Amino acid sequence: MKLITAVVRPERLAQVKAALFRAGVTGITINRVSGHGGEVELQEHYRGRTVVLEFREKVRLEMAVSEPFVEPTIKAILTSARTGHVGDGKIFVQPLERVIRIRTGEVDTAAVTAVTADAVQKQALKEAKL
Amino acid sequence: MRRSVGLGLLMTLACPLALAGQGGPAADSLAKAANAASAANTVAINFVWTLVAGFLVMFMQAGFAMVETGFTRAKNAAHTITMNFMVYGIAMLAYWVVGFALQAGGVGALGTLGGYDKLAHEVSLTIAGKEWGLFGGTGFFLTGVAYTAPVFAYFLFQMVFMDTAATIPTGALAERWKFSAFAVFSVFVGAFIYPIYANWTWGGGWLAMLGKNLGLGHGHVDFAGSSVVHMTGGVMAFVTAALLGPRRGKYNADGSVNAIPGHNIPMALIGTFILAFGWFGFNAGSTLAGSDLRIGVIATNTMLAGAAGGVTSMLYMWFKYGKPDPSMMANGTLAGLVAITAPCAFVTAPSAVLIGGIAGVLVCVAVFFIDGKLRIDDPVGAISVHGVNGLWGILALGLLADGTYGDGWNGVNGAVRGLFYGDASQFAAQLIGGVANFVGVGAMAFVAYKVTAFVVGGHRVAPEVEELGLDLPEMGALAYPDTQEISSAVILSETASGGGIGQLEPEPEAV
Numbered sequence: 001m002k003l004i005t006a007v008v009r010p011e012r013l014a015q016v017k018a019a020l021f022r023a024g025v026t027g028i029t030i031n032r033v034s035g036h037g038g039e040v041e042l043q044e045h046y047r048g049r050t051v052v053l054e055f056r057e058k059v060r061l062e063m064a065v066s067e068p069f070v071e072p073t074i075k076a077i078l079t080s081a082r083t084g085h086v087g088d089g090k091i092f093v094q095p096l097e098r099v100i101r102i103r104t105g106e107v108d109t110a111a112v113t114a115v116t117a118d119a120v121q122k123q124a125l126k127e128a129k130l
Numbered sequence: 001m002r003r004s005v006g007l008g009l010l011m012t013l014a015c016p017l018a019l020a021g022q023g024g025p026a027a028d029s030l031a032k033a034a035n036a037a038s039a040a041n042t043v044a045i046n047f048v049w050t051l052v053a054g055f056l057v058m059f060m061q062a063g064f065a066m067v068e069t070g071f072t073r074a075k076n077a078a079h080t081i082t083m084n085f086m087v088y089g090i091a092m093l094a095y096w097v098v099g100f101a102l103q104a105g106g107v108g109a110l111g112t113l114g115g116y117d118k119l120a121h122e123v124s125l126t127i128a129g130k131e132w133g134l135f136g137g138t139g140f141f142l143t144g145v146a147y148t149a150p151v152f153a154y155f156l157f158q159m160v161f162m163d164t165a166a167t168i169p170t171g172a173l174a175e176r177w178k179f180s181a182f183a184v185f186s187v188f189v190g191a192f193i194y195p196i197y198a199n200w201t202w203g204g205g206w207l208a209m210l211g212k213n214l215g216l217g218h219g220h221v222d223f224a225g226s227s228v229v230h231m232t233g234g235v236m237a238f239v240t241a242a243l244l245g246p247r248r249g250k251y252n253a254d255g256s257v258n259a260i261p262g263h264n265i266p267m268a269l270i271g272t273f274i275l276a277f278g279w280f281g282f283n284a285g286s287t288l289a290g291s292d293l294r295i296g297v298i299a300t301n302t303m304l305a306g307a308a309g310g311v312t313s314m315l316y317m318w319f320k321y322g323k324p325d326p327s328m329m330a331n332g333t334l335a336g337l338v339a340i341t342a343p344c345a346f347v348t349a350p351s352a353v354l355i356g357g358i359a360g361v362l363v364c365v366a367v368f369f370i371d372g373k374l375r376i377d378d379p380v381g382a383i384s385v386h387g388v389n390g391l392w393g394i395l396a397l398g399l400l401a402d403g404t405y406g407d408g409w410n411g412v413n414g415a416v417r418g419l420f421y422g423d424a425s426q427f428a429a430q431l432i433g434g435v436a437n438f439v440g441v442g443a444m445a446f447v448a449y450k451v452t453a454f455v456v457g458g459h460r461v462a463p464e465v466e467e468l469g470l471d472l473p474e475m476g477a478l479a480y481p482d483t484q485e486i487s488s489a490v491i492l493s494e495t496a497s498g499g500g501i502g503q504l505e506p507e508p509e510a511v
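If you read the protein sequences in the order shown, they are chains A and B. Numbering-wise, the first sequence is residues 1 to 130 according to our numbering. Numbering-wise, the second sequence is residues 1 to 511 according to our numbering.
For the record, the hints were derived by calculation from the structure and aren't laboratory data. You may find that some hints are simply not true.
[What the hints assert, rightly or not] Label-pair restraints from in silico Cβ distances:
#1 B:Ala477 - A:Glu57: 25 to 33 Å
#2 B:Ala477 - A:Arg103: 35 to 43 Å
#3 A:His36 - B:Trp318: 52 to 60 Å
#4 A:Leu42 - B:Gly403: 51 to 59 Å
#5 A:Leu42 - B:Asp254: 16 to 24 Å
#6 B:Trp318 - A:Gly87: 22 to 30 Å
#7 A:Val52 - B:Leu243: 30 to 38 Å
#8 A:Leu42 - B:Gly414: 53 to 61 Å
#9 A:Phe55 - B:Gly403: 53 to 61 Å
#10 A:Glu97 - B:Ala477: 37 to 45 Å
[Stated by the list, open to error] Dumping the calculated DMTMM-like pairs for lysine to aspartate or glutamate here, alpha-carbon to alpha-carbon at most 20 Å:
#11 A:Lys17 - A:Asp118
#12 B:Lys323 - A:Glu41
#13 B:Lys250 - A:Glu54
[As the list claims (entries may be wrong)] Rough simulated footprint, nothing fancy, chain A against chain B, three-plus residues with beta-carbon under 8 Å:
#14 320 to 327
#15 359 to 371
Just so it is clear, the structure is predicted and the values come from calculations on it, not from any experiment. Heads up, the beta-carbon is just placed ideally off N, CA and C, and yes, glycines get one too.
Isolated chain A, as found in the complex:
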């Protein structure tokens, strides 16, 4: 099991989500975050005074996935989040010790797979073909 954390552009979030669903990854937590990467700082003016926008808006996604899903997840994010310009974000992969589903007490691989994963993936693939 791995915990995959991805930081992506907010405007690519819809495409990233669709790609993950097609890959069968349906358990996702997202946050709006701000951060600093390789981008040049933006300078704007407010009422004639300089404002430096030091941090850029990003979205952080977190997914706990079982081993067979690690590479498909990374591939899905790479293809959907990439624009080729500085500021596309990062993917971090870390080992995961334990996962417990609170509702049932299931652990590890049984706990990371969403109950509705198959149905969600089928629907996503159907939409992609349309």
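Use these hints to put chain B onto chain A, whose structure you have.
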């Protein structure tokens, strides 16, 4: 009901026409009755116009609330908007008790509202055989001779003007002013500071008499309040903001200035539109007469100047800083409206555009100067919009009044003319009006600030309160609780007392 009124109006109009060719004593008395009915209708139209215009001006409070709250930070939003909300009631009651009597107690006959003339007690000094009015002395609590429909209508219209002035300092002092200090200071505004200068200009006081007594044009002329309302608000903001000091983090140790961006630009711009809408009541309503057809000129000049101010401020910021700044466009539009408020009835359309256009640039320059050179922190630009452009408005009247309106103004025969139309003395009267505002209102604001500090123990919130935001410490309520980290603290204390959702005990039923 509506139909019968319409029918009556139709008959009033038809009677003089039908009887015009007949002559005879019976026809004479009928014609007299028709004239009387027509005069009564004129008064009624003036009443309705004055009241409806007053309602429009009252709604400007909503515009001010949105502009000031939008230009300040989210952590102070509940505090800022509550000051705007409560200044309406606090200053109004003070004005009802004392202020109105000081302003209008000696105003004389209310010509357009039926000619009621019992507000006739002006306290004045006699110097070299001339009367110089200082303040009025009848109409306290709106009782006695003031308890009559014309005075009540006049009160409503004058009250909303006073509240406009009273809400201007709340923007300049936002994000650091104790609510208790605001509440006490606002009593002084409604009771004394605004009414006394308003008396000098609109209540038959000494500024109005400069024409009659000294031959300076028509005396200090301010049609709808560039000086009486806006410069008064701006000067109060200037004095009190200088005394209160800048927000924490506004100025760096090395002398450089930081921008502190407001949290809601759309709110501020919608507020600006509401103000521009209310301004039609502000300016055109100041005829106190729907039967005075000059309202067409006034409303259109108001519209043009506001637009010109918005456009020139946009262009100025665009050229100077590379992008058009929305907050300065809002300030520029308001600056144009403030500047046209005094001259709106007296100038041509090109003059109105010129006055508004200059105001739009002037406000940008003033914001930068007050912020950077004077180092007075004014989060919303109130001093630049209302103070600087209020002064520009009355001076513009002294330059550009074209002699087509204002015959008999302040008891001086002939129409009002500015310097460029042949009357330099009118410009002198306007200058005196401006200096009197700066000195008189400035001194009163200083005293009121000091007395308020004594009453409530200082004006400034503690540094920790300013860092955290004034909403919780001052108001006990957050403007946006769901987006604040503090909301998770509330949930934590709930879970501490019980278990998960399944284990919660039901509330005991009442016996």
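For the stretch 359 to 371 of chain B, does the count of residues with a C-beta closer than 8 Å to a C-beta of chain A reach 3? As far as the stretch 359 to 371 of chain B goes, the hint holds, because 4 residues have Cβ atoms under 8 Å from chain A.
Between B:Lys250 and A:Glu54, is the straight-line Cα distance small enough, at 20 Å or below? With Cα atoms ~18 Å apart, B:Lys250 and A:Glu54 stay inside 20 Å; holds.
For the pair supplied as a hint, B:Lys323 and A:Glu41, confirm whether the alpha-carbon distance does not exceed 20 Å. Holds - the C-alpha atoms of A:Glu41 and B:Lys323 are around 17 Å apart, at most 20 Å.
Falls inside 53 to 61 Å, the C-beta gap from A:Leu42 to B:Gly414? holds (59 Å)
Look at the Cβ atoms of A:Leu42 and B:Gly403 and judge whether their distance stays inside 51 to 59 Å. Given a distance of about 54 Å, which is inside 51 to 59 Å, the answer is holds.
C-beta pair A:Val52, B:Leu243: status relative to the range 30 to 38 Å that was hinted: With Cβ atoms ~31 Å apart, the hint holds.
Assessment of proposed distance window 35 to 43 Å (beta carbons of B:Ala477, A:Arg103): holds (37 Å)
When you check the alpha-carbon spacing of A:Lys17 and A:Asp118, does it fall within 20 Å? holds (15 Å)
Does the Cβ distance between A:Phe55 and B:Gly403 fall inside 53 to 61 Å? Distance hint for A:Phe55, B:Gly403 holds at roughly 60 Å.
Quick one: are A:Leu42 and B:Asp254 within 16 to 24 Å, going by C-beta? holds (23 Å)
22 to 30 Å was suggested as the range; check whether the CB atoms of B:Trp318 and A:Gly87 agree with it. holds (27 Å)
Beta-carbon spacing of B:Ala477 to A:Glu57 - inside the hinted bounds 25 to 33 Å or not: holds (29 Å)
The structure is inconsistent with hint 3 alone, although it conforms to all the rest.
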